[in-house]
Amino acid sequence: MKTLLWIQGLSCNGNTQSLLNAENPFFYEIFQKIKLIYHPSFSYRENLQTIIKKVKEEKIKINFLVVEGAVTSDKRFHKIGDYSVAQILEILKDRADYIIAAGNCASFGNIPATFPHNTDVKGVQYKFVQKEGFFPPDFKTRSGYPVINIPGCPMHPAWFTQTITALLEGKKVILDQFNRPKELFMYLPHDGCTRNEYFEWKVESEEFGHKEGCLFYNLGCRGPMTHAPCNKILWNRISSKTRAGMPCIGCTEFNFPLRENFFETKKNMGIPEEVPLGVSKRAYITITGVAKTLKNKRLMVKLEETD
Amino acid sequence: MPKVRKVVLNRVEGEIQLKLVWEKGKVKDAFIIAPNFRGFEFILEGKPALDALVINPRICGICGHAHLIATTKAIENLYENAGLKIDIPQNARLIRDITLGAEIIQNHLRWFYMFVMPDFLKLEKSKKLKDFEPIKGYKWQKAVDFSSRIVKVIAIFGGQWPHTSYSVPGGVVCDPTTFDLTEAKSIVDSVVGFAQQEIFGMDIEDYLSVSSEEEYLKKSKNSDLKKFIFMCKKHQLDHAGKSYHRFLTVCDMEYAFSKGITKKKRRNFYVEKVREIDSYSYLTENGFSFDKNRYSWAKAVRYDGLPYETSPLSRRINSREKLFINLLKHYRDSYMVRMWARIDEIARLLYAMKMWIESIKPSEPFYIPPPADIKEISGKGVGLCEAARGSLIHQLTAEKGIIKKYNIITPSTWNLGPRCEKYLSPAEKAIKGADSQIKAEMILRSFDVCSVCTTH
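Taken in order, these protein sequences are the chains called A and B.
Residues in the first sequence are numbered consecutively from 1, following UniProt numbering.
Residues in the second sequence are numbered consecutively from 1, following UniProt numbering.
Any given hint could be a false lead.
Pulled a few chain B residues facing chain A out of the computed Cβ check, cut under 10 angstroms [unchecked claim]:
id	residue
1	12
2	15
3	19
4	37
5	51
6	55
7	82
8	124
9	141
10	151
11	164
12	181
13	305
14	453
For the record, the hints were derived by calculation from the structure and aren't laboratory data.
Beta carbons are placed, not taken as given, at the ideal position from N, Cα and C, and that holds for glycine.
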């Protein structure tokens, strides 16, 4: 049976909590297929220091090494027993077939990497957009894959379980330029958003608390610019932020949370500073101009009042 | 010579180390070390106040929603202190309580079945406990199923759990339909079914009227709570783990609990009486210090100069609930009673959630825009919220909508912080006298340890 070892750096534990919500497969079903060597939240007999010793002596083999949380080598800010998370990674890095960065902290550094008093906080292979994470840019594990990033703050459980399942079954996982599984991160939250009709016809939300209106133009929604299947694989299998009425904050991206004013759209002379992926600003202006002239009456009233 | 031993604790949120000083087979002194620090309060400085709604839930993956509510309330209070009345629709208040209730229930289920019960597997090798074995056990799996099911309620209103920022100054971002509400209600009903059958062994409303241990043991059928009580007695945990017997709760929740301070008698809570002391903390008023006597990133929190426990047990006591007042008479604030209060709260909150969902009126507003742009607001704000583990306080100072200072006091800081010159923290005090390492760990876990919150 293949094995999995889970370690935590600077983390809020949110990816573990998210993973517990997994369905198809459920959390405990995955670990019927993979032996969980250690996880800080669930192991009750094992201790990590002994496990590391056994790995060094080659008494334990690791197939999947999962890292949750950002990495630092400064023991004043993070340690597990006598080790820093960086030291643990150093010991384990050539002994695992696959290394998976679970969540945005492990992938890109995320909030902990913005802490001004410790500049040595990073993701496993990236620090935000740069390949300046803890491992060198050309680092690859025994399987030939670099660190596989499954970002998201937190990651969706299905993104993790489907990646693991595919690798377990020997399937090839194609990665994008940020080492994210392509077939998950080629979608945008915009795809499948229940507010898409409002986006098409340029009917914009002015304020929160309504089912109607697109959240892009006024409320800072990153749905059209973020790589994430949040509206294809629904959260908790029931909803998504944009469906509930909350703007996408772009938490799967390498630059999260560097932006400021999450609930505002930055504009120059009425034109959003960033327009949907794949569209030029000129095309955006043209198409929105046309959409505004050709009003869709259905979208001018509350949903309950439509026929 | 007393023996000193350090242990790294797992099955807590994040990482905690415990330094125990032993004498004659008993713990003579205990130091709770929170070794990790991310610096959220520093990260927030200079950021637009509303961005705290996105950043703060990420303090904690398990109670991030409580941090969201505390942040929202702190910003709303900032408006009020600037002389601007902020209207929060009743629907929004209800939804915030519903989602907070769901998050707390999720926490208690995961905590009890995943973090607490495996301790008993270490304490005794009994076939009866097979169902509680991590990952393989039937009851462990059920706890995963139902703790994941209750957070679907948060997803209905907030889009996802963990980590949403759907509660904003002025209300909530959603505008649910009648059918969203019926679905939320159905989820609550199914968790009620689980709680009745497995946890309490009786109808929830009957359980809520129980006023003594004898009555509960008599009326309930085979249940996990009953098993737990018997195991506590078997291992003398019914009288172990006593702390200061002082309880603090910072806000009300209709049908669920009320705020107050209980030190012999119950009084009102005043936030002005809360102080943080950094004499044993790496984080000091003048920056970081790693002097030898300092041992934790957490600070000590005191109310009127005294350490207080904040927890579901505190909520039970400050709400003057008969069952727990009776339990305290006999057992004081012991391991068993502290744990029972957390389990008890599952029933109380499920009941309350049903009432709250019933009270929502879909045709009425869920959000009313604040009376001014946050960029015009300067001053101070305080947000008080009851989280799974106890009382949570957010305090911010802003200048024209930009955060100048942000301070967070979490339940775990109250309970598991370090000592001050005069007093140990409540958890350190509770561990003193434990007669084995596993029991010391269990007593610590009875405070529902969250190290990521402790230090943030």
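Results of checking the hints against the structure:
1. 12: holds (8 angstroms)
2. 15: holds (6 angstroms)
3. 19: violated (13 angstroms)
4. 37: holds (5 angstroms)
5. 51: Holds: closest Cβ of chain A sits about 6 angstroms from residue 51 (chain B), inside 10 angstroms.
6. 55: Constraint on residue 55 (chain B) satisfied, holds at 6 angstroms.
7. 82: With a minimum Cβ separation of about 19 angstroms from chain A (threshold 10 angstroms), the hint on residue 82 (chain B) is violated.
8. 124: violated (13 angstroms)
9. 141: holds (5 angstroms)
10. 151: holds (6 angstroms)
11. 164: Since chain A brings a Cβ to about 6 angstroms from residue 164 (chain B), closer than 10 angstroms, the hint holds.
12. 181: At about 14 angstroms, which exceeds the 10 angstroms cut-off, the nearest Cβ of chain A leaves the hint on residue 181 (chain B) violated.
13. 305: Residue 305 (chain B) check fails; min Cβ-Cβ to chain A is 30 angstroms, beyond 10 angstroms.
14. 453: Holds - the Cβ of residue 453 (chain B) comes within 10 angstroms of chain A, reaching about 9 angstroms at its closest.
Comparing the model with each earlier hint shows violations of hints 3, 7, 8, 12 and 13; every other hint is respected.
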